[in-house]
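Enquirer: Spelled out, the chains give:
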Amino acid sequence: MTGPALVLILASAVLFAAGFNMLMQRSLVRIVIGFMLLGHGANLLLLLAGGAAGSPPLLGRESERPMADPLPQAMVLTAIVITFGVTAFLLALAFRSRMLLGEDEVRDDVEDRRIHAERLAEAWGDDADPFDEDADQEGAGRGDGETRGGA
Amino acid sequence: MVTLVLAYAVAAVAVPWALGRHRRLMACAAAVLPAATAVWAATRAGGDDLTAELVWAADLGLVLDFRMDALSIVMLLLVGGVGAVALCYAGWYFEGSERLMIGTLVAFAGAMTGLVLADNLLVLYVFWELTTLSSFILIGTTRPERAEDRRAATQALLMTTAFGLVMLAGFVLLGQAAGTYRISALLAEPPGGAAAEAGLVLVLLGAFAKSAQMPLHAWLPAAMVAPTPVSAYLHAAAMVKAGVYLVARLTPAFADTGLWRPAVIGVGLVSLIAGGVVALRQDDLKALLAYGTVSQLGFLMVLLGNGTRTAALAGTALLLAHGLFKAPLFLAAGVVEHEAGTRRAGELSGMGRRLPVTAVAATAAVASMIGLPPFLGFVAKEAAVKAFAHGGMDAVVLAGVVAGAALTTAYGARFLHAAFAGGGDGARAADPWGMAVPVAVPAAAGFALGFLSGPVQTMVAPYANTLGGDTGYELALWHGLGLPIALSALAIAAGAGLFLLFGRSYPAEPMRWPVPDSQRGYNGVVRSVLVGAHAVTKRLQAGSLPVYLGVIGTTVLVVPGSALIAGMTDKGSPDVADYVLHGWDDPVQTVLGLIVIVCGIAAMLARRRLSAALLMAGVGYAIGGLFVAQGAPDLALTHLVVETLLLITLVLVLRRLPERFPPRRRKPSARVATALISVGLGALIAMFLVVAVLSRRIRPTGPGYAELAAKEGADNVVNMILVEARALDTLGEITVVAVASMGVIGLVLSGRRRVPRPPGEEPAGGEAGGEPGGGRSWLATSGRPALGGAPMVPAAAAARLLGPAILVFSVYLLIAGHNRPGGGFVAGLVAAMAYVLRYLPGGRRELAAAMPVRPGVLLGGGLGLAVATGVAGWTFGGAGDGAFLKSEVLHAAPPVIGDVKVPTSLFFDVGVYLLVLGLVLTILTTLGASLDENVLEEDVPDENDTAEGARP
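Chains as they are written, first to last, in our numbering: chain C, 1 to 151; chain Z, 152 to 1103.
FYI, nobody ran anything at the bench for these hints, they're computed from the structure. Honestly, I wouldn't trust all of these hints.
Stated by the list, open to error - Derived EDC-like pairs (lysine to aspartate or glutamate); straight-line CA-CA distance at most 20 Å: (1) K1052/Z x D866/Z; (2) K689/Z x D108/C; (3) K689/Z x E105/C; (4) K818/Z x D108/C; (5) K689/Z x D109/C; (6) K689/Z x D112/C; (7) K818/Z x E105/C; (8) K1052/Z x E863/Z.
Claimed, not checked - Covered by chain Z, according to a simulated footprint, are these stretches of chain C (three or more residues, beta-carbon under 8 Å): (9) 4–17; (10) 81–95.
Unchecked claim - So these bits of chain Z aren't anywhere near chain C, every CB distance computed over 12 Å: (11) A158; (12) D210; (13) A345; (14) P366; (15) A414; (16) L649; (17) A714; (18) V842.
Predicted model only: the values in this text are computed from it and were never measured. Quick reminder that beta carbons are idealized off the backbone N, C-alpha and C, glycines included.
Please model the entire structure based on the sequences and the hints provided.
Expert: Next comes the structure, spelled out in structure tokens:
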């Protein structure tokens, strides 16, 4: 067992590094491309981990090299198609984001940012019931309850 | 017994469904099963234990044990009897037809029946939580719009499930210590040791919360927002008894263990006295009764947790008596509220004259509660006093019991006074009979059973005899003059005094001394949980996706990374020095590998979207080459086609986006962090790859598949694995593809408005010269190029000419896949290429002409065909032999062609083919066509046909 060739190891390492780097960017297209790079890296990794290169796994056509392990190949084959489907899904997401928001950038979650910025003290209110989301605004809360009751 | 529990489940669904229109009939029909249960239990009284078991997974020790003994019979009588009464009452109490309410009540009765019959700790736990869930539904279901109801239901759920989980932990500790979860075995040989004792404490906590013992009682008074039948049944007679029942069940084995007796008796006494004091201060009739229940449950805890025979006799008798007096009291409070419209003491007057039957029944119930002879409550109290009349530490308990009895007398009198006293306003006596009878029946039973103490003794004696202590005592109405009757008289006299002093003012005077308010405690706990969540969220949830990914990446680096390094230094791990440093196995790998590396880095750094996409494609094609070099022609074929399709899709989308990426605005420190994490991950992957390859010890399974393929007569091993050996996996994977396609359709097409076509304008087809599929002009395009620009006549003509040839080639690949490179995946992709070729120069109209079927049909049809093949293998494979997706070879000899062998896996492959084709067409018709149409919208507003064509 000698292990895979250095250039292949390097190639999958670069694919993973570049893919993850692009995944951490804010442009959705970069993210999609990063995802595809990661997919390539993973497919290559799977195949390399499966064993050394060999002759194609077709019976009756053996060459002087031993047959390559067919199982990782079968896995990678389905992985390729699934990556294709998921990438198309991501592209549709990017498209949708562009259509709705007018940009293809990942923005920060507004609610999370708000909580992040809030002061702790605000959370400790009076003795009111903690589950009663309407406690702060009496009038609004009652109106809310009525509408819910009516529905 | 299993049948009985199942019958409840059926009845809970069937009765409301069948009789929902007739509320009274429905309620009475629902009451039949609980009544039958009670009768059955009564006939078993004094008999031998009955056991049943249902083996589920014996290897895992999952056996559903049931056992009916004396204690279960007492509980079954309560659950069934009070259940039947409460259900009948509910038919008259509710104005409308409460199907959910009735069904849940029946389901609750079933869960409670299962709980008291279970002979396995885990089975008991499941039924325990089922009762909690029923309680949640029943509290919250009538007026879910009221905040108070929602809060009360949530509180009951949170309190009992939280401590239910604590109890489960206790069960596991006990079960592990004993080596069995069967309760009867556990009681026969009780486990000892610290683990078992800790387990017992946890179990007790669960029981205390369920039985609303102080200080875990706050949920019970809050739960009084529930309708009266629910309060009477769940929160007085049945569910809250579960904790008491559990204590009684475990007492014979554990009463002398460690903390058991101090804990149970201490908590019980506190609840008995404090509950009574608080009850005396309530204005709301149901709140008064609720605190009375807390108090009485404390009394039951004291009796049933003590572990002596006399106390157990008293406890089981009181268990029965409490159900028979507390349920009618609640029901009577319900009648009063129903008739008067309020249950606040200060607003009630003269109800005794308006509801004489109810008033008499309630008085009888109170008499049983305070222990007046000849009621059953008196019999129980006599025994209780006798049980602790020994001096020593028991004297303290005895004093507590007498004090509790005095308080009970006081708040019982207060209840009667509040509910029924006062002069009448001249209204005629008009008891609602449908409700008054259910009040009277249990109250009368409490009266009658006082005279039938002999049969009661026979019923409960088998349980009490399992406990030690003085053996002579028998339940009886008259034991002669002595200490017990003297103390009873004292308690009643003191209670009357208390009532006269404190119990007659409405609203009650405020407490002179502060009472620890466990409601505030509960609120505080909930709020601190929320504040804690807020604080954690505030720190961790920055709202920035890159930050989250960075955290994930760092975690991957730290956790599996350090594990990898630790594993490498371990003895017996592969020596990395074994790795033979070699640049390449094959010179061509060097070239391809370098292309991958260079293109990958360049794609990362690219500033234009299109360059990034093209560089990305470069990586993809080089990888395809690497697949060939690795000896994987199938992979290479599929990969190259996918790569081309992806590139086209990317370009389709990029066309609508700006040319350049937005400028990077990231701080240098963030850039460094990103780079570090990415490079670290790359290095980790490289190291992992080397270690993984060198760690191989066992022969790979792949070659085994080659032998299997030879036996099956398939030469292409990869294809054989995909469609035969691991076909179920493939089925799962193509399902993922189908789901992703649906997602694409939904994302692109949802929420789009249909622009009404301006009147007078011709349908779209005329404008570009040719209806879709009309084929009037051979070789000419019927639409515009998908990417815009001038019409591409040569390309369009070439596409039309090549299309059929490509389709034929794809069918060849599909069939050849059995023996040569090919198969459903790649064949589907190649077929899709034919349509892409038509689409690119001709646009969506040309696509519609080329493919009359919607892509959704292909997706569904492909998936359906694949599943049908599997099911067919199941059906036709022969009995016992028919496996899902089992491949058979069909022989046929059509004329001319000669002998033809068709493996059934080919049909599976056809399904894959159709599905993959459907995926690509989905992408073209949605991502492609919708972008396409946005171009069109600028000049010609027509979109109806596209939107329709693309909808699955």
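Enquirer: Would A158/Z pass as off the interface with chain C, using Cβ distances and a cut of 12 Å?
Expert: For A158/Z, whose nearest Cβ neighbour in chain C is about 36 Å away, the distance exceeds 12 Å, so it holds.
Enquirer: A cut-off of 12 Å on Cβ-Cβ distance, and P366/Z was said to be off the interface with chain C. Does that hold?
Expert: holds, 18 Å
Enquirer: Mind verifying the non-interface call on D210/Z? Its CB should be farther than 12 Å from each CB in chain C.
Expert: It holds; D210/Z is separated from chain C by about 30 Å at its closest Cβ, greater than 12 Å.
Enquirer: Can we confirm that no CB of chain C comes within 12 Å of the CB of A345/Z?
Expert: holds, 37 Å
Enquirer: Please verify that the nearest CB of chain C lies beyond 12 Å from A714/Z's CB.
Expert: holds, 17 Å
Enquirer: Does the structure keep K689/Z and D109/C at a Cα separation of 20 Å or less?
Expert: Roughly 13 Å separates the two Cα atoms, so the pair holds.
Enquirer: Are the Cα atoms of K689/Z and E105/C separated by 20 Å or less?
Expert: violated, 24 Å
Enquirer: For the pair supplied as a hint, K689/Z and D108/C, confirm whether the alpha-carbon distance does not exceed 20 Å.
Expert: Judged against 20 Å, a Cα distance of about 14 Å means the pair holds.
Enquirer: With a cut-off of 8 Å between beta carbons, are at least three residues of the segment 4–17 of chain C near chain Z?
Expert: holds (count 14)
Enquirer: When you check the alpha-carbon spacing of K1052/Z and D866/Z, does it fall within 20 Å?
Expert: The hint holds at about 14 Å.
Enquirer: For a C-alpha distance cap of 20 Å, please report whether K689/Z and D112/C respect it.
Expert: The given pair, whose Cα atoms are some 8 Å apart, holds under the 20 Å limit.
Enquirer: Confirm or reject the statement that V842/Z sits farther than 12 Å, beta carbon to beta carbon, from all of chain C.
Expert: violated, 9 Å
Comparing the model with each numbered hint stated earlier shows that hints 3, 18 do not hold.
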